[in-house]
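**Student:** Chain by chain, the residues run as shown.
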Amino acid sequence: MLESYLTWLMEELATAGSSLLDLRKRVSLWYLLSAVGFAFVVFYWRYGKHGWQRLLPYVSPKVWLSRSSRTDVGLWLCNRLLLALLIPKTLTHALWISGLYYYWQKQGLTPLGLGWSTTWVMVLFTFCYVIADDFSRFFTHWCLHKVPMLWAFHQVHHSALVLTPFTVFRTHPVEGVLFFMRSLCVQSVMVSVFLVLFPNQVSLWQIYGVLVTTFLFNVLGANLRHSMVVLSYGPRIEKWLISPAQHQIHHSTDVAHYDRNFGVLLAIWDRLFKTWLPGNDQQTLKFGTGRAIDRTGVIGHWWIPMMDCADVIRHGVAKRCRNLKKRLTIREP
Amino acid sequence: MKKTLLSLLVACSTSAMAAQSYEFGVTLQGYDGSATSSVSYGGQIARHALHNSLKKVAGKGDQAQMNTYLSSTEAGRVILDPVSKDGFPVKQSKIDELSSGKDLLSSAYDGVITGWPGNPTGQELLEQLVDAAAKTKAGYDPVNGYDYVQLISKFAMGAVFYNKAVNHYLEEKLEADQHPNNEAYKPGTAYTGKEHVWDEAFGYFGAPANGLSLSAKEVVQITKQNPEVFAKADANGDGVVDLKSEMAFAHAYYAASVDASAGTNYFHTIMQAFVDGRQLISDAKGKALTDAQRTELKEYAAVIATAWQQVIAEAAFKYAGSVYADLEKIAVIEEAHGDVSKAYRNYVKHWGELKGFALALEAAGRDLGNAQAGLDRLIGFSPVLFGDAQVVALDGKGGFVQANAGPMQEYKLNMIKVQNLLAQSFALEAKLNDKTAGMSDVLEQLNAAAQSAEND
Ligand SMILES: [Zn+2]
Ligand SMILES: [Zn+2]
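Protein sequences appear in the order of chains A and B. Sequential numbering of the first sequence, starting at 1, is according to full-length UniProt numbering. Sequential numbering of the second sequence, starting at 1, is according to full-length UniProt numbering.
You may find that some hints are simply not true.
[Said to hold, decoys possible] Taking lysine-lysine pairs in the DSBU-like style, the calculated list, with each CA pair at most 30 angstroms apart, reads:
no.	chain 1	residue 1	chain 2	residue 2
1	B	94	B	186
2	B	224	B	397
3	B	224	B	85
4	B	342	A	106
5	A	319	A	146
6	B	137	B	397
7	B	287	B	173
8	A	106	B	224
9	B	397	A	106
[As the list claims (entries may be wrong)] Covered by chain B, according to a simulated footprint, are these stretches of chain A (three or more residues, beta-carbon under 8 angstroms):
no.	region
10	97–104
11	202–212
[As the list claims (entries may be wrong)] A few chain B positions that, by computed beta-carbon distances, are all more than 12 angstroms from chain A:
no.	residue
12	187
13	237
14	242
15	283
16	434
17	441
18	447
Honestly, the hints are just simulated from the structure, not real lab data. Using N, Cα and C, we set each Cβ at its ideal position, and we do this for glycine too.
Kindly produce the complete structure, drawing on both the sequences and the hints.
**Tutor:** This is the structure:
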C-alpha cells in the first residue's frame, strides 16, 4: 500500500519534472529560453546595445529564491498531486463529446457537405477552437474576479509578490478544477459540432505536436508575462494581443489597475468588456493582494481561500436573512 | 514512437536473418531420429478445425454434435470445415489426422468473465452458450437477441486461441525454468522445449507458414477457399492444402481481413514477430537461452500480444459500427411501417459478433484497466430489444431476466462510446465502420495540445 503510494508519488513528480523539457508545457526549457531571445531582440531594437540589461530581472536570484517564488513551485507540485486524485484521468472528454455528438444529430444537425478539403477544415476548426478557447479563458478569469466566492480562490494567483514563469501554476486547486471544467465544455462543444458538420475531417493544426497558436504564443515570450521583465508590444499591437506588460498590470496592486486585462491571447475581449489597459516598457509596478495571504506558504494558500469562501457564503446568507426580516417587518403593520 | 522503433528493429533483424517462412530445422542436441523439421503445432490446428466445425454445427442447434466438437476427445471426428471444394482440395478430413485426443473446452480460459450475467468462468460460459444454443432454432434467439453461432465462435477464439497463446505460451512458458531449450520438449521429440512452446503459440494464431510471402488479401481468400489463390496456398505444390501449415484460421484471418480493408499491418507484424522469435530460438542451437535472449524473445512476444489484442479490438470496433448502422436501418423501416425482421436479424448477428469479440478481450487474463468495465456496461448483456428491454441478469433457473433499458435507438450512443473506448484504450489504427466521425483522433490531438489546468 505504502509502496504503491510512493511509486505513484514519484511518478507524478517525475511527470511534473518532465514538463521542463516538454514542448507542450509553457515552462519547458525551450520556451523559457526563447522568451529571452525574443525579448533580447526587441530590447536591442528599441534601446540599442544596453537594451539587454532590461532582461536582468529574469535571472535575478533575489526573485527566484524569494518566498513568493518558492510558494509558486510548492503549489505547482502539491496541486498536481491533489488534482491527479480529483480529476479523472482520461475518457471523461470522450464520453461528453460522444453524448453531445449524438445529441446534435438527434436535433437534426447534419454534415454540411461543402466538399471542403481536409486542410481547410483543419484551418477553420483550429481558428474557431482557438477563439472559443481564448474567450472561455477570458470569461472564466473575469468571473473569478467579479464573483466574490470565486475571487476567494483566485486571490492565490494574485498573492505573488514577485513574478516568475512558475507563477502560472500558482493557483488554488478549486480554480484548477474550474479550468478543467472550462476546457471540458469548450472542447466538447467545439469538437462535437465540428464532427457532425465535417465528419472524418476534423483535426487541429499543430507544430511539433503543439497547437500552432500555443506554440507561437510560447515561443514569442509567453513566459515574460509572469516575470519581472517589462515588455510592451506597443499601443497598436496591444489592442489585439495581450502583451507581457499588460498582464503584469493585471497583477498590479495599484487600484487603477484592478480588474484590468483579463485576456490570455487576444485583447479584443478586454476591449469588449471595457477592461483593457495598454502596457508600457517604463511601467514600475508592485504585485500582490496586500493581504496576509501574500506571506503564507502552500498550506496557507490552500486554507485561507476556503475560509474566505465560507465567509462570503455566510455573509450572503446573513444578508438575505436581514432583507427577508426587513420585508416582513415592513409588511406587518 | 516506441512502436515505430520496434517495427524498425523488427524490419532490420529480418533482413539480416531472412527467414521468410515458418520452417526451422532440428537443433536439439543429441537428437538421433530421422526428423528434419523441428516445427510442430498439429494440436493447435486440430483445435482450429474443432472450432470451425463447432461453428458449423452451432447453426443447427444439435447439442450432442456441438459437444462433439467442444468438449469430447473421441476418435473419428470428421472435420466439417474446412473441407475440400472444387479447385481447393484440402489434405485432411478427420480431426485425428491433425492430432488425436484434443478438445476445445479444457484449453479455454478458466478466469471469470465479467461481461456475462452470473460472472461465469470462460469455460462455464462456453458450455452455457452451447446449452442455450441447443434450445433455439438454428442458434438464433430473437427474444433475448442472441445469435449463438456468433457468440460461441467469437468468444471461443478468444478464450482458447488468444488466451492460450498470449496468457500461457508467450507468458509464463517463456521463463527459464519452463521447458528449457537445452532439452527435448518431451523424451523422443525432435524439438526443444522452447521451440515447441513458441510453435504452439504460433499454431494458435492460425497463419499459414508462408504468411510473410502472402498479401493480406490472399490470406483472406485462402480462408474463404477461393480457387484463385489455391496455387499460393499450396506452398509445397503437392496439389492439396495441408491444414497443418497452409491454411489460415481464426485471428490470423481477422488480422488479414482488417489489413485488407484498412491498409494496416497487423497480420504481417504478428507473423514477422513469430518468425523472428522462432529464428532466435533456432539460432541458440539447442543451448539453454540466456537471460538476454529470453528478454529479446519476450519483446517479440509483447509485439505479438499487443497486435493480437488490437486485432480483436478492431473487430469489436467494426461490429459496434455495424450495430449502429443496423439500428439506423431499423428506425427507417419502422418509420415506413415496413417489415423489420430481416434488419433485426442482422442487428442480433452483429451484436453477437461485437459481444463475442468484446468478451474475447477479457478472456486472456490481461488487465484492460477501465476499458473492461466500460465495455461491459456500454454493450450490456444483450442488445436493446424492441420494447426497449435488455437482458440484465439470470434468474435462478438460468433463464434471462429483462428490464427496461431506455429507448432502443439510444443504444446507438452506446455504440459511439464503445468505439471511442476501444480506439483509445487499444490505440486502434484501422477503425472500420467508424460511427464517431474520427473523434478519437481529435481527442488524441487535444490531449496532447492543451490538457492543462493552467491559467494566467
Ligand atoms: Zn486574475
Ligand atoms: Zn497572472
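**Student:** Against this structure, judge whether each hint is valid.
**Tutor:** Here's how the hints hold up against the structure:
Annotation: proposed proximity of residue 94/B to residue 186/B holds, straight-line Cα distance about 25 angstroms (limit 30 angstroms). A distance of roughly 40 angstroms separates the Cα atoms of residue 224/B and residue 397/B; the hinted pair therefore is violated under the 30 angstroms criterion. Restraint check: the Cα-Cα separation between residue 224/B and residue 85/B comes to about 10 angstroms, which is no more than 30 angstroms; the hinted pair holds. Proposed proximity of residue 342/B and residue 106/A is supported: the alpha carbons are some 25 angstroms apart, at most 30 angstroms.
For a cut-off of 30 angstroms, the pair hint linking residue 319/A to residue 146/A stands: about 19 angstroms separates their Cα positions. For the suggested pair residue 137/B and residue 397/B, the alpha carbons sit about 20 angstroms apart, so the restraint of at most 30 angstroms is met. Simply put, residue 287/B and residue 173/B have alpha-carbon atoms about 17 angstroms apart, close enough for the 30 angstroms limit, and the pair holds. A hinted pair counts as satisfied when its Cα atoms are at most 30 angstroms apart, and residue 106/A with residue 224/B does not qualify at roughly 40 angstroms.
With a C-alpha separation of about 40 angstroms, the suggested pairing of residue 397/B with residue 106/A is violated against the 30 angstroms cut-off. By the rule of at least three residues with a Cβ nearer than 8 angstroms to a Cβ of chain B, the coverage given for the region 97–104 of chain A holds, with 5 such residues. Counting residues of the region 202–212 of chain A whose CB lies closer than 8 angstroms to any CB of chain B gives 7, so the stated coverage by that chain holds, three being the minimum. With a least beta-carbon separation of about 45 angstroms from chain A, residue 187/B lies farther than 12 angstroms from that chain, consistent with its non-interface assignment.
Every C-beta of chain A lies more than 12 angstroms from that of residue 237/B, the closest at about 45 angstroms, which supports listing it as non-interface. At roughly 43 angstroms from the closest C-beta of chain A, the C-beta of residue 242/B stays outside 12 angstroms, upholding its exclusion from the interface. Residue 283/B, annotated as away from the interface, keeps every beta carbon of chain A farther than 12 angstroms; the closest lies near 37 angstroms. The claim that residue 434/B lies off the interface is violated: its Cβ sits roughly 7 angstroms from the closest Cβ of chain A, which falls inside the 12 angstroms cut-off.
With a closest Cβ-Cβ approach of about 7 angstroms to chain A, residue 441/B is found to fall inside the 12 angstroms limit, against its non-interface label. The beta carbon of residue 447/B sits about 8 angstroms from the closest Cβ of chain A, which is not more than 12 angstroms, so the claim that it is off the interface is violated.
Taken one by one, the earlier hints fail for this structure at numbers 2, 8, 9, 16, 17 and 18, listed in ascending order.
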